[in-house]
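Residue numbers (our numbering), protein chains in the order written: chain A, 1073 to 1604; chain B, 278 to 578; chain C, 522 to 880.
Just so you know, not all the hints are guaranteed correct.
What the hints assert, rightly or not - Quick list of simulated restraints, FRET-style, between CB atoms:
| # | chain 1 | residue 1 | chain 2 | residue 2 | range |
| --- | --- | --- | --- | --- | --- |
| 1 | B | I329 | A | G1534 | 51 to 59 Å |
| 2 | A | S1583 | C | E700 | 53 to 61 Å |
| 3 | C | E779 | B | V322 | 46 to 54 Å |
| 4 | B | L475 | C | D613 | 49 to 57 Å |
What the hints assert, rightly or not - With a Cα cut of at most 30 Å, we get these calculated DSBU-like pairs of lysine-lysine:
| # | chain 1 | residue 1 | chain 2 | residue 2 |
| --- | --- | --- | --- | --- |
| 5 | A | K1481 | C | K605 |
| 6 | A | K1481 | C | K596 |
| 7 | A | K1309 | A | K1285 |
| 8 | A | K1468 | A | K1481 |
| 9 | A | K1428 | A | K1397 |
| 10 | A | K1397 | A | K1437 |
| 11 | A | K1201 | C | K665 |
| 12 | A | K1198 | C | K596 |
| 13 | A | K1273 | C | K665 |
These are calculated hints, taken from the structure and not from any lab test. The beta-carbon is built from N, C-alpha and C at its ideal position, and this holds for glycine as well.
Letter by letter, the chains look like this.
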Amino acid sequence: MSFLPLARKAGAATLAALLLGAAPAALMAATPADTLVIAAAIDDIVSLDPAEAYEFSGLDVVNNTYDGLVEINPATLALEPGLAESWSVADDGVTYTFKMKAGVTFASGNPVTAEAAAYSLQRAVKVNKTPAFILNQFGWTAENVDAMITGAGDTLTLKVDKPFAPTFLYNCLTAGVASIVDAETVKTHDVGGDMANEWLKNNSAGTGAYVLKSYKPNEGVILEARPGYWRGDAILKNVFIQHIPEAATERLQIEKGDVDIARALTPTDVAGLEGNADVSVVTDVGGQVYYLSFNQKNEMYKNAKFLDAMRWAIDYQGMADTIMKGAVIPHQSFLPQGYLGALDDLPYSLDIEKAKALLAESGVKDPVVTLTVRNAADRMDISQSIQNTFGQAGIKVDLKVGEGAEVLKDYRARLHDATLQTWGPDYPDPNTNSSTFAENPDNSDEAGATGYLAWRNAYDPGAMTAASQAAVMERDPEKRKVMYADIQKTHRETSPFILMFQQARQTAMRSNVQGFYAGGAVDAASFWLVTK
Amino acid sequence: MTTLNAWLLDPNPKSRLQSRVGQTWLSWLRFRRNPLAMIGLGISVALIFMSIFAPLLAPYDPIVQSLPDRLLPPLTPGHWMGTDDFGRDIYSRLLYGSRITLYIVMLVILTAPVVGLIIGTVAGYFGGWVDAVLMRITDVFLAFPKLILALALVAVLGPGMVNAVLAIAITSWPPYARVARAETLTVRNSDYIAATRLQGASALRLIWGHVMPMCLPSVIIRVTLDMAGVILTAAGLGFLGLGVQPPLPEWGLMISAGRKFLFEQWWVATMPGLAIFIVSLGFNLLGDGLRDVLDPRSAGK
Amino acid sequence: MAPVNSAQSSDAAAQSSAALRFASQSANTLFSLFITFIGLLAVTFLISRVIPIDPVTAILGERATGEQIAALTQKLGLNDPLWKQFGIYVWDVFHGDLGQSVRTRDPVLTEIGRYFPATLELSTLGILIGVIVGIPAGVLGATKPGSWRDLFVRLVGLMGYSMPVFWLGLMGLLLFYGELGWVGGPGRLDSMYEMMIDVTVPPVTHMILIDTALAGEWDMFWNALSHIILPASLLGYLSMAYISRMTRSFMMNELGQEYITTARVKGMPERRVVWVHAMRNVAVPLITVVALSYAYLLEGAVLTETIFAWPGLGRYITDALLVADMPAVLGGTIVVGAVYIGINMLSDFLYRLADPRAR
Chain A
1073 MSFLPLARKA GAATLAALLL GAAPAALMAA TPADTLVIAA AIDDIVSLDP
1123 AEAYEFSGLD VVNNTYDGLV EINPATLALE PGLAESWSVA DDGVTYTFKM
1173 KAGVTFASGN PVTAEAAAYS LQRAVKVNKT PAFILNQFGW TAENVDAMIT
1223 GAGDTLTLKV DKPFAPTFLY NCLTAGVASI VDAETVKTHD VGGDMANEWL
1273 KNNSAGTGAY VLKSYKPNEG VILEARPGYW RGDAILKNVF IQHIPEAATE
1323 RLQIEKGDVD IARALTPTDV AGLEGNADVS VVTDVGGQVY YLSFNQKNEM
1373 YKNAKFLDAM RWAIDYQGMA DTIMKGAVIP HQSFLPQGYL GALDDLPYSL
1423 DIEKAKALLA ESGVKDPVVT LTVRNAADRM DISQSIQNTF GQAGIKVDLK
1473 VGEGAEVLKD YRARLHDATL QTWGPDYPDP NTNSSTFAEN PDNSDEAGAT
1523 GYLAWRNAYD PGAMTAASQA AVMERDPEKR KVMYADIQKT HRETSPFILM
1573 FQQARQTAMR SNVQGFYAGG AVDAASFWLV TK
Chain B
278 MTTLNAWLLD PNPKSRLQSR VGQTWLSWLR FRRNPLAMIG LGISVALIFM
328 SIFAPLLAPY DPIVQSLPDR LLPPLTPGHW MGTDDFGRDI YSRLLYGSRI
378 TLYIVMLVIL TAPVVGLIIG TVAGYFGGWV DAVLMRITDV FLAFPKLILA
428 LALVAVLGPG MVNAVLAIAI TSWPPYARVA RAETLTVRNS DYIAATRLQG
478 ASALRLIWGH VMPMCLPSVI IRVTLDMAGV ILTAAGLGFL GLGVQPPLPE
528 WGLMISAGRK FLFEQWWVAT MPGLAIFIVS LGFNLLGDGL RDVLDPRSAG
578 K
Chain C
522 MAPVNSAQSS DAAAQSSAAL RFASQSANTL FSLFITFIGL LAVTFLISRV
572 IPIDPVTAIL GERATGEQIA ALTQKLGLND PLWKQFGIYV WDVFHGDLGQ
622 SVRTRDPVLT EIGRYFPATL ELSTLGILIG VIVGIPAGVL GATKPGSWRD
672 LFVRLVGLMG YSMPVFWLGL MGLLLFYGEL GWVGGPGRLD SMYEMMIDVT
722 VPPVTHMILI DTALAGEWDM FWNALSHIIL PASLLGYLSM AYISRMTRSF
772 MMNELGQEYI TTARVKGMPE RRVVWVHAMR NVAVPLITVV ALSYAYLLEG
822 AVLTETIFAW PGLGRYITDA LLVADMPAVL GGTIVVGAVY IGINMLSDFL
872 YRLADPRAR
């Protein structure tokens, strides 16, 4: 009959699929017992050399293969001794002394010495990759760093160029770029003076709980636990981070138990996992903040009442509860939760009537806001909601969507009108955001100070510039905290920035997995405490 | 009525007009006999009807958001196709979106195949180095990954619907050129072409009046198969933010936006997907029907 | 004796002139290939110069100083006249230097070499499935045009063509992996094997199916097969639509020819008529169609690669495009374009070889 050949073919295909898939698939239903399998999107990794790694995924790996002088406790997110067991600062405010912990060895077996520590920091400055600026802030350059940072025996001496707030230095020393590397191993793999930068892309030479066994870009990272880790050996002997860029795919994997942890799920997927007894979801904050900013080259945005009107025309809670559910928490100041001096209060909310009244008082007639936004799904959702609520308040919004690189280019050239952006902190100290949101020493076009978000928006913060610069030099941590609180309050009431959200991260784990810490806003992920 | 019928079916037409109209009428009669082709025609007409009367047919505004009503499933009272993640009625958005879809498709049809046809027929007719040069250019454009070319163009010209269409058109013309050239090669040595040339017809007249019509059937068939591809490419561009901008209810954009809900709220992506499927099917069947009628070689099947 | 001799010598003359013609046509083909490739380079070069992304800031990053920018601009030769830059560009490409990725600073050729085998493996299996299913499907429709089975074949094919790839892929993954567990999940291997493969299997071709078979690691082979079968079937389904349609079209034309009617009248079984005689003539233009589909798969499997976490070239190029890593984009484009031109020329070649009418 006419259907027979077709049916036969279909039957054969099904049989083949069954034979292919059934046997091995049945065997591999769960992950190996001693391996932590993580599904994440790791295509942002540029290098796993701690002196070069600057993206989230790269820093996650570095955090588990290296340690620094000062560390962050994965559970409490507080500063604690790392490879240095104690430290102090002299009265001159520029000389620091670190005492190295005794008995710690690198994965290679070499002992950790103050010389190795000094070498590591000198190396990071000399290799001069992207994150080097974090160290350069302290006045260290390739020429002077050998003299400024010296180590002998178990004592490391650090000299900085200005009497900064000590918390500033300690916070920065927790960053990945300040990781301590095995000097001897590194020196043997130097190729043409690159200080092993090439070799460290695929190998690790640190004190961390794990050693980098293999890195296949866009495929996966394999870590192997090393015996003799100073915080106690990692419980799971292997970690396999698999690159799975599609959230829906990760969801299927975690439902089936083919991965233990899924890190790149969308809020929709998380909601879909709600009833599943085998999967638990942990929410954590991240460091990114979402904000609207307005280019003050447009006189309209210098109108204080107009700015205020816009602040009341945004549905912060509504978005956080619906379209951005699980992806963000409402947050209305520029220091993310977890940072020294962060504010938790939420003074603004959606009030269309108030917005309309303020708009009327402002005297601005028929305002049109051209909102430039990157074409990522979450940004589009937020901007459409803003378009909607602004419209109700009488402010027309034209959306201008573009590629990330393009949008950034316009923003840095001060060519935008209004823009929806996110900002991720560069290092775990409040100065990172304060210096860029609240400082603008030279507002002219010629200055080209694209590093300052305030400059990008042609905004002169006035007295806040000096206040922020003073805060980074404040030696008393409590006073420093108050200074940042004050700056943030003034900033959110007067600047052309509207801070809306802080990133939230949802991690799905099989219910037998415990001890995973994603790191909040200040730290990277930690794997060595995980059990399953 | 019968006099009109007689006039149309007259086997000895008295004027060129009568002959042409008569031929068209005969083709229509043959077309009508093909049920699949009629279905295709029906779908296409329905699409045009929908896009013209969208404001009358749509129960809701396609753009206004209603967050409390978001992600309602199909067959919810008032929203028989459900709502999307901003609470907008999907049925209304599909109706208004049909306009955009039609616009994009028409724009591409009017540009890519025309360009391809011209280049292909010229290359095929003149042969020699004209052919070689034109075909090399065609090959280069064919070799280029479509998405890259489209994205590069949009990066230069800026996002927006017209630029996206232009980008799609520039990447789609090569296959038409190839098809047209193949047809032209077959035709150019035939007797009637030689006869017309002997009569003193210029190359332009020959190509325009005689060669191109022979290529039309193949081109039309290709066009109908490409429709779905065009809509989906526009969707791809829209997904990357380079084509139609939100909140416009372009079908492809709706599918892309619905991707993140595929497992739980499958209707957000599936409804526009079905719409595209039905429209492509319609154009496809229509194209096949037209081919059966227009292509003298497949006559009598 | 004389007539036989002259017959023999004229045969030989005919053969040698045919061979000569063939050789000159092949040379022609190669020359065209070369020209097309240069054209491709010209277009990619033009695009790289026209795109409004400044390569220097892209490389140096936000915090670059004025002198750093000037120095790099000079070093990259961006101050030279355009034709000179193009010349250097062409020279570099022919020496295998496709530049450095702006993002990772690895040579683009090395990176492409990493992802290309994965794409090749997937696309080849995909096109095989497409051909194995598509050609019989097309024949099925052609032999009974307008029937229910014809309509069914066309509908199924059309669905593959007009439903968005990610929809088919995710639904397929949900059904066959999530619900039924018939196939392996995303990625090329199970995590257990991913950890082992570098140790136990020497990377001969970097295509897992071949390498594991060569190394005799059969568990891994079956596992890899279970992971590749679904994405390959997806790609096969997508190309099947076009292949089956063209097969149907060609076959319908062919079955209307006189010699077919003659064969039927003579009592030849229908199977032979279709599959031996008609197919012989249909196979020739079909080669071109298959080649086109194959090249298309090589270039455009981005969404499939994303959903199935397949580390292939499509994803590489698109990701690079989204972060404006132009050397990577253009390098990838050149490689894909070159492969496409190659496949095209090969199919032209085979076409000419097989079809005496086209000589």
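Would you pick out the hints that fail for this structure and give their numbers low to high? As far as the earlier hints go, 2, 3, 10, 11, 13 are violated by this structure, in ascending order.
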